[in-house]
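Protein chains: 2
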Amino acid sequence: MQIEFLGTGAGSPSKQRNVTSIALKLLEERNAIWLFDVGEATQHQILRTTIRPRKIEKIFITHLHGDHIFGLPGLLSSRSFQGGNEPLTIYGPRGIEDFVKVSLRVSETKLSYPLKFVELTDGGVIFKDKTFTVSCEKLDHKIECFGYRIVEHDHPGELKVEKLKEMNIPSGPVYGQLKAGKTVTLEDGTILDGHDFIGMPQKGRIVAILGDTRKNGNSIKLAHNADVLVHESTFAKGEGRMARNYYHSTSAQAAQIAKTANVGRLLLTHISARYTGRAAYELAYQVRDVFSATRVVNDLDVIDVPFKG
Amino acid sequence: MQIEFLGTGAGSPSKQRNVTSIALKLLEERNAIWLFDVGEATQHQILRTTIRPRKIEKIFITHLHGDHIFGLPGLLSSRSFQGGNEPLTIYGPRGIEDFVKVSLRVSETKLSYPLKFVELTDGGVIFKDKTFTVSCEKLDHKIECFGYRIVEHDHPGELKVEKLKEMNIPSGPVYGQLKAGKTVTLEDGTILDGHDFIGMPQKGRIVAILGDTRKNGNSIKLAHNADVLVHESTFAKGEGRMARNYYHSTSAQAAQIAKTANVGRLLLTHISARYTGRAAYELAYQVRDVFSATRVVNDLDVIDVPFKG
Ligand SMILES: [Zn+2]
Ligand SMILES: [Zn+2]
Numbered sequence: 007m008q009i010e011f012l013g014t015g016a017g018s019p020s021k022q023r024n025v026t027s028i029a030l031k032l033l034e035e036r037n038a039i040w041l042f043d044v045g046e047a048t049q050h051q052i053l054r055t056t057i058r059p060r061k062i063e064k065i066f067i068t069h070l071h072g073d074h075i076f077g078l079p080g081l082l083s084s085r086s087f088q089g090g091n092e093p094l095t096i097y098g099p100r101g102i103e104d105f106v107k108v109s110l111r112v113s114e115t116k117l118s119y120p121l122k123f124v125e126l127t128d129g130g131v132i133f134k135d136k137t138f139t140v141s142c143e144k145l146d147h148k149i150e151c152f153g154y155r156i157v158e159h160d161h162p163g164e165l166k167v168e169k170l171k172e173m174n175i176p177s178g179p180v181y182g183q184l185k186a187g188k189t190v191t192l193e194d195g196t197i198l199d200g201h202d203f204i205g206m207p208q209k210g211r212i213v214a215i216l217g218d219t220r221k222n223g224n225s226i227k228l229a230h231n232a233d234v235l236v237h238e239s240t241f242a243k244g245e246g247r248m249a250r251n252y253y254h255s256t257s258a259q260a261a262q263i264a265k266t267a268n269v270g271r272l273l274l275t276h277i278s279a280r281y282t283g284r285a286a287y288e289l290a291y292q293v294r295d296v297f298s299a300t301r302v303v304n305d306l307d308v309i310d311v312p313f314k315g
Numbered sequence: 007m008q009i010e011f012l013g014t015g016a017g018s019p020s021k022q023r024n025v026t027s028i029a030l031k032l033l034e035e036r037n038a039i040w041l042f043d044v045g046e047a048t049q050h051q052i053l054r055t056t057i058r059p060r061k062i063e064k065i066f067i068t069h070l071h072g073d074h075i076f077g078l079p080g081l082l083s084s085r086s087f088q089g090g091n092e093p094l095t096i097y098g099p100r101g102i103e104d105f106v107k108v109s110l111r112v113s114e115t116k117l118s119y120p121l122k123f124v125e126l127t128d129g130g131v132i133f134k135d136k137t138f139t140v141s142c143e144k145l146d147h148k149i150e151c152f153g154y155r156i157v158e159h160d161h162p163g164e165l166k167v168e169k170l171k172e173m174n175i176p177s178g179p180v181y182g183q184l185k186a187g188k189t190v191t192l193e194d195g196t197i198l199d200g201h202d203f204i205g206m207p208q209k210g211r212i213v214a215i216l217g218d219t220r221k222n223g224n225s226i227k228l229a230h231n232a233d234v235l236v237h238e239s240t241f242a243k244g245e246g247r248m249a250r251n252y253y254h255s256t257s258a259q260a261a262q263i264a265k266t267a268n269v270g271r272l273l274l275t276h277i278s279a280r281y282t283g284r285a286a287y288e289l290a291y292q293v294r295d296v297f298s299a300t301r302v303v304n305d306l307d308v309i310d311v312p313f314k315g
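As they're listed, the protein sequences go chains A and B.
Going letter by letter, the first sequence gives residues 7 to 315 in our numbering.
Going letter by letter, the second sequence gives residues 7 to 315 in our numbering.
For the record, the hints were derived by calculation from the structure and aren't laboratory data.
Being a predicted model, the structure only gives us computed values, none of them experimental.
There's no promise every hint is true.
Note that identical chains are pooled: a pair holds if it fits in a single copy or bridges any two copies.
What the hints assert, rightly or not - Derived lysine to aspartate or glutamate pairs resembling EDC-like cross-links, with alpha carbons at most 20 Å apart:
| # | residue 1 | residue 2 |
| --- | --- | --- |
| 1 | LYS116 | ASP104 |
| 2 | LYS144 | GLU125 |
| 3 | LYS243 | GLU288 |
| 4 | LYS144 | GLU114 |
| 5 | LYS21 | ASP305 |
| 6 | LYS209 | ASP233 |
| 7 | LYS122 | ASP135 |
| 8 | LYS116 | GLU150 |
| 9 | LYS265 | GLU150 |
| 10 | LYS314 | GLU164 |
| 11 | LYS148 | GLU114 |
| 12 | LYS144 | ASP305 |
| 13 | LYS169 | GLU193 |
| 14 | LYS227 | ASP128 |
Isolated chain A (complex conformation):
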C-alpha cells in the first residue's frame, strides 16, 4: 500500500504543484489503484508515474470545486482510449454524475467500460468487500465536502504449514479445520488445537484522506487511529482567521487533529502557491511541537504505508 501524490497545490495549478489528486496504490492488496480527487491534468501527471489508468478501479471525489474535478472527463476518456475494460465507480457529492455525463455527452465520448456513480448524501460506510471498508463523513467547507476513511481488514494469521509437516501431518481437510481455529482429533488419537498452528494476525492499515475543510469533529472521527492522515494545509500556523474565512485549515489545526485522533503520520497537502521552497516545508516544522510526525508532500511523492510491527 502506497500513497502517490499527483497534485498537492491549492486552487490553481502552478509550475511547482498541480491541483489535487491522490492515488492510493493497492497493487498488492487488490491489483488496483484508487484515486482521490481528479484536478485538471491529473492524467498528465499520471504520464510521469508507473500508474496505468486501466488499473484505476474507484475514484473518490471530496467536493466539486474545479481544482478537484476538472481532470475527470479527460482521465475517463483516456482510460477508455487506452483500452480499459474493467468497471469504474465514482463516489462523490451530488452533482458529480451530472458534470461527468454532460462532459461525455457534449464530447460524444463513448467509454469502453461500465461507469457507475455513487452520490453521497451523508456519512457512513459506502463500500465494503472482503478486504476493505471505506466510509465517509461530511466536513466543513464552503461547498459540500467529504473526507474518506479507508480501512484494510485485519489479515488472519497464516497456518504454520512447516510445523504441521514436521509433525508428519499430511495436508487435507484437517489443515482447513486447524486454520479455522478448531480443535481436531487425529486417527491416532492426537489432539491438535488450531490456535497452536496459526501465526499472529496482522492488523490492517487505515488511511484517512480528507477534502478541503475547516477544523471540525468529523475529521477526528475519520482519522481515529489511522496509520496515515492526509490533511489540507492551505494556510500556515498563524493564519487561523484567514483559514476560517476561506473554509480551510492551518497546518497547526491539521496537527491538532492528527494528535487528537492518535494517527501514525500526518501528510500536509493542498499547499498554497504563496508557500514555495523552504516556506512550504515551514508549514510542517511550525507544528512539530504539536505533532512531530508531520511532513509536507510534493507532487509525485510516494509514501509507503507499511504494516505495523
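Since the structure of chain A is already known, use the hints to place chain B with the ligands on it.
Chain B with the ligands in isolation, oriented as in the chain A frame:
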C-alpha cells in the same frame, strides 16, 4: 501577430505533445489574445509562456471532442482567480455553452468577468470590428466541426507628416482632409492633392485555423490566399484510407489544400503520438513536392506572421 502553439497532439496528451490549443497573439493589433480550442491543461501550458489569461479576449472552439474543450472550465476559472475583469466571448458549436455552464455550476464557480457565448449553426461572418473580421465554415469531421478564417483589415497609408512640415503647412483640419484623400486649396492658393501625402496602404494579414477534418472544399474557402494555414495532419501521406475512416486528414491532403488555396505557409498540427521525433518531421518532408512551405509545429512553437513586402 504571432501564433503560439500550446498543444499540438491528437486525442490524448503525451509527454511530447499536449492536446490542442492555439493562441493567436494580437498584442500589437488589439492588446489581446485569441485562443483556438482549449484542450485539458491548456492553462498549464500557458504557465510556460508569457501569455496572461486576462488578455484572452475571445475563444474559438472548432468542435466539442474532449481533447479540444476539457481545459476550458479550468482556464475560465483561473482567468477569474487571477483578477480578469474584461468580458470574454466563446464561439463554438452547439453544446459548448451547456458544457461550460454545467461545469461552472457544479463547481460553484463565480466568474469575475462577463462571459458570452456565440453558438454556431452555419458558416459566415461571426465577428467584425474596425480591425478584424472572423468567419467560419463547417468542416467534415465525425462531430460538427468548424474552421476559422481571421482577416485583418488593410491598414490605410499613413499621412506623410514630415513632408507637410517641410512645406511649412501647419497641422490642423487640413491634415485630416488630406489623410482622407481630398484635394485642398490653402489660403495662399496652393492646391494639395491628398494622394501625394499618403503612404502605401498595408495589406492586412489572413490566418486560417481549421479544426479536425477530412479533406473538403470549405477548407479551401477558409484558407484562400491566407498568409498562414494551420491544418491538422493526424495521418501520414500514405494513410488516406485511415484518415477517411477516422474523419481526419493526411499531411498530403493538407498540402493539397494549401496549394489549391494559394496560402503563404502551411503549419501541420494535431500530430498523432505514433509519430515522434524524426517521424513527426517526416510528415512535412513527405509533402514538400506538393507544397514546399510546410512545417510540423511543436508545443510552445511561436510563429511570426509578418506583413507582406
Ligand atoms: Zn475546495
Ligand atoms: Zn476531433
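(request) Check each numbered hint from earlier against the structure, then list the numbers of those it violates in ascending order. (result) Per hint list: 9, 12 violated.
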